[in-house]
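Visitor: Residues per chain, in single letters:
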Amino acid sequence: LAKTTQPISMDSYEGQEVNITCSHNNIATNDYITWYQQFPSQGPRFIIQGYKTKVTNEVASLFIPADRKSSTLSLPRVSLSDTAVYYCLVGDRVSGGYNKLIFGAGTRLAVHP
Amino acid sequence: DTAVSQTPKYLVTQMGNDKSIKCEQNLGHDTMYWYKQDSKKFLKIMFSYNNKELIINETVPNRFSPKSPDKAHLNLHINSLELGDSAVYFCASSQRDNANTGELFFGEGSRLTVL
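Residue numbers (our numbering), protein chains in the order written: chain A, 1474 to 1586; chain B, 432 to 546.
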């Protein structure tokens, strides 16, 4: 399974856009890129998933360059409630690799007033 | 309605005891998992079941025994508890097919403290 690398922590202020980049140099052809969010004392929650180019939903955008060796999660206009740990994962979502998703240390985002 | 529910939420026990954590999902998913999150916040997969069949066992000590009576339930039994078993245990479920993202739905976790 492809290993991911992301910053350990980031700080931001309310109303700013936050971009968290993840590198996955060994991503396989069938792998999808997925981001999860975890608040203290809660289980991780799915944010967004993509394969290539750009994906946007009501929560975030995911930018994936053509070589797919990295991806960037973009959170528009963060608020205090976006303070959480964000995990980047890659895996084949159907054939079995997805069942062994490995969560790294994640990126601790702290949003300040 | 809670999609993935675990009980108990907190568990404090002595070394050497045997304990169980129960998990139920009402999402109709065919795959369920147990993850362990240690003090450094790393989430590691322990087991995965698909339609009651064990498909992943990630080098977990055999003191840990998962049991899936049906595809909506996956319980975790731990024998002879050790200090290093202290962690938060998360249950999750997903639907594996091309129509879905494979998104994992997690429970709120069960914090186990071994004294």
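One or more of the hints may lead you astray.
Distance ranges between label pairs, derived from CB positions [said to hold, decoys possible]:
1) A/E1531 x B/T438: 29 to 35 angstroms
2) B/M446 x A/E1531: 42 to 48 angstroms
3) A/P1480 x B/Y441: 45 to 51 angstroms
Read the hints as simulated data drawn from the structure, not as lab findings. We put the beta carbon where it would ideally sit given N, CA and C, even for glycine.
Visitor: Now, for every hint given, state plainly whether the structure supports it.
Guide: Here is what the structure says about each hint:
Between A/E1531 and B/T438 the beta carbon distance is about 32 angstroms. The supplied range of 29 to 35 angstroms therefore holds. For B/M446 and A/E1531, the hinted distance range of 42 to 48 angstroms is satisfied, since their beta carbons lie about 47 angstroms from each other. A beta carbon spacing of about 32 angstroms between A/P1480 and B/Y441 contradicts the range 45 to 51 angstroms that was offered as a hint.
In this structure, the one hint that does not hold is number 3.
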